[in-house]
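> Below are the chains, spelled out letter by letter.
There are 6 protein chains.
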Amino acid sequence: METLEEFQKFRTAMNRQIEGSDHLGMKRFFALDHQAYEPGPLDTKTKELLGLVASTALRCDDCITYHLVRCAEEGWKRGEVIDALNVALMVGGSITIPHVRRAFARMQEIQGLEP
Amino acid sequence: METLEEFQKFRTAMNRQIEGSDHLGMKRFFALDHQAYEPGPLDTKTKELLGLVASTALRCDDCITYHLVRCAEEGWKRGEVIDALNVALMVGGSITIPHVRRAFARMQEIQGLEP
Amino acid sequence: METLEEFQKFRTAMNRQIEGSDHLGMKRFFALDHQAYEPGPLDTKTKELLGLVASTALRCDDCITYHLVRCAEEGWKRGEVIDALNVALMVGGSITIPHVRRAFARMQEIQGLEP
Amino acid sequence: METLEEFQKFRTAMNRQIEGSDHLGMKRFFALDHQAYEPGPLDTKTKELLGLVASTALRCDDCITYHLVRCAEEGWKRGEVIDALNVALMVGGSITIPHVRRAFARMQEIQGLEP
Amino acid sequence: METLEEFQKFRTAMNRQIEGSDHLGMKRFFALDHQAYEPGPLDTKTKELLGLVASTALRCDDCITYHLVRCAEEGWKRGEVIDALNVALMVGGSITIPHVRRAFARMQEIQGLEP
Amino acid sequence: METLEEFQKFRTAMNRQIEGSDHLGMKRFFALDHQAYEPGPLDTKTKELLGLVASTALRCDDCITYHLVRCAEEGWKRGEVIDALNVALMVGGSITIPHVRRAFARMQEIQGLEP
Chain X
3 METLEEFQKF RTAMNRQIEG SDHLGMKRFF ALDHQAYEPG PLDTKTKELL
53 GLVASTALRC DDCITYHLVR CAEEGWKRGE VIDALNVALM VGGSITIPHV
103 RRAFARMQEI QGLEP
Chain A
3 METLEEFQKF RTAMNRQIEG SDHLGMKRFF ALDHQAYEPG PLDTKTKELL
53 GLVASTALRC DDCITYHLVR CAEEGWKRGE VIDALNVALM VGGSITIPHV
103 RRAFARMQEI QGLEP
Chain S
3 METLEEFQKF RTAMNRQIEG SDHLGMKRFF ALDHQAYEPG PLDTKTKELL
53 GLVASTALRC DDCITYHLVR CAEEGWKRGE VIDALNVALM VGGSITIPHV
103 RRAFARMQEI QGLEP
Chain U
3 METLEEFQKF RTAMNRQIEG SDHLGMKRFF ALDHQAYEPG PLDTKTKELL
53 GLVASTALRC DDCITYHLVR CAEEGWKRGE VIDALNVALM VGGSITIPHV
103 RRAFARMQEI QGLEP
Chain V
3 METLEEFQKF RTAMNRQIEG SDHLGMKRFF ALDHQAYEPG PLDTKTKELL
53 GLVASTALRC DDCITYHLVR CAEEGWKRGE VIDALNVALM VGGSITIPHV
103 RRAFARMQEI QGLEP
Chain G
3 METLEEFQKF RTAMNRQIEG SDHLGMKRFF ALDHQAYEPG PLDTKTKELL
53 GLVASTALRC DDCITYHLVR CAEEGWKRGE VIDALNVALM VGGSITIPHV
103 RRAFARMQEI QGLEP
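Chains as they are written, first to last, in our numbering: chain X, 3 to 117; chain A, 3 to 117; chain S, 3 to 117; chain U, 3 to 117; chain V, 3 to 117; chain G, 3 to 117.
Incorrect hints may appear among the rest.
Since the list gives no way to pick one copy over another, a pair counts as held whenever it fits inside one copy or between any two copies.
Each computed BS3-like pair below joins lysine-lysine, with the alpha-carbon atoms no more than 25 Å apart [said to hold, decoys possible]:
id	residue 1	residue 2
1	K29	K79
2	K11	K29
3	K79	K47
Derived by calculation from the structure, the hints in this document are not laboratory data. Remember, predicted model here, so these are calculated numbers, not experimental data.
Bound conformation, chain X alone:
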């Protein structure tokens, strides 16, 4: 498993390339994706937890990593994050277990979510 730093470096470099490709649709998609987590009827903290659970149910490790970092930044505690992962595990089944394992491994690198 790559480190959190490696993940973020690759993510930044590729996002730069995607934005540099000048495809207006993609740029707008990325902007809209960002806006979906801004405060609205629900606050950002709640939405980041929703994003984490959706990412786990759909089994995307990079998305899980991204939302774990954001959940920590928004103030969710380790026990709360694990309780949310448990909902995703229940909904998504044992096929999500490897992703839950990697979520636990990733949390070791994220301040506020360490064991």
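Guided by the hints, dock chains A, S, U, V and G onto chain X, whose structure is given.
Then chains A, S, U, V and G, alone, in the frame of chain X:
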């Protein structure tokens, strides 16, 4: 689209058959699924919203209906539910649009979530 | 939920249209799909149970109906089929529950799998 | 299976409700989804076929219906649409067969795609 | 691709962390998952093959590795395992091919499943 | 991320093992998969783009790599490929973003698709 009442009648009848089948594993799975939404580090209200978003991202109409009813019971307002559906739409893409449409149709039948 | 007879009538009519479309690739795909369940290192009975579990994990009601009928024809008993559905439920999570419910409803129509 | 007219009536009514909900994010998502099929480096005709194949691989009947109608409007012929569905069938496997069957049933209602 | 030994080391370490997190729901889920493969109306040997096919259809490499090891322990032969993978390939389509490739690579490390 | 050369080496080695396993069904599946992209009512160039979009919507990195290489061989230009990826991104949602990132990284190695 069947009515909410038809859905609930079918759901109850079949859950009774599943429990009547005396398969211990299935019974325990249903019990564990129920417990996942009970208060823990996160409260039930938050967890039901997580369940709604996971169900929408994974595109299961019956699961969406179930969690919409539960979200209303837990006190979520129409605007908040729509904001949560928007996160699922963003994460899951336009392939979830037909499920979002049926979620809007279903909300017409659920007290507290009507337009 | 349509009846088993309605399902089979629609399935036969549409399979006829697909074969009548003279697309060689589709015809071969349908033939190859049929052959995958013929006796090989594993017998047909075992393979039909594999098909049922794959269909349930991937959440396809029509595929579940088809394999339930075939499982009954191959001699699987109700208790064994339920035990197989439980593996799919465990692997696929609570999102598969509505499909398991419809599998139980369908079994009421299939000789050898009734409650 | 509902008729094409029923599908379109429901779709229009619910899209109106979604837009009437005044959720800016959802409105923008719907607009961006529309724009993704407008002419760019690829023309609209090609993109609608891409949308059809993605919808079939992801197994969404409503999305398939929508893109079948659009493919006919853009001038794709029945044989070409079937050839595209075959790619989706190959990529997505036998689990997509029920959706391919319903695509064939739907084509009976769409001018230019009838058998 | 990591070695089987690396996979098992990571799996054991993370399972220990998950169990150490004292989330009762997760612990029960892991226990229930284990029980689903214990003898019932179907024997363990059959259920492990079901687990392998479900894992391949749902495209989870770690789950495939786990069930390949268990299938070998339960006495399934290489030819039988390949015949089961073929059902998953047929149901899940060409999108499962990379996972089938990695299953073949993994079998080289598993006693009883080597070429 | 492994290099394109490493991917192709592993792919070739494992395809050889699969074909060497003498499972007639798998061999036929691989042949049929190949034939699906041969000229028919649609030409190969169009079909490879369909394969790319289906692979991205279904989120399979190896399949994306394979079809990117084939798309370049068939003469698709970088801007056109990005426009096709945008359709997949729209249909599949933000969960496909990590795969789009890796597609951009892979294009750096493919002649004709470099930035």
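> Against each hint, give a clear statement of whether it holds in the structure.
Hints versus structure:
1. K29 / K79: Intra 33 Å, inter 19 Å, cutoff 25 Å: inter-copy only.
2. K11 / K29: Within one copy only: 19 Å inside, 33 Å across.
3. K79 / K47: Both: 11 Å inside a chain and 17 Å across chains, each within 25 Å.
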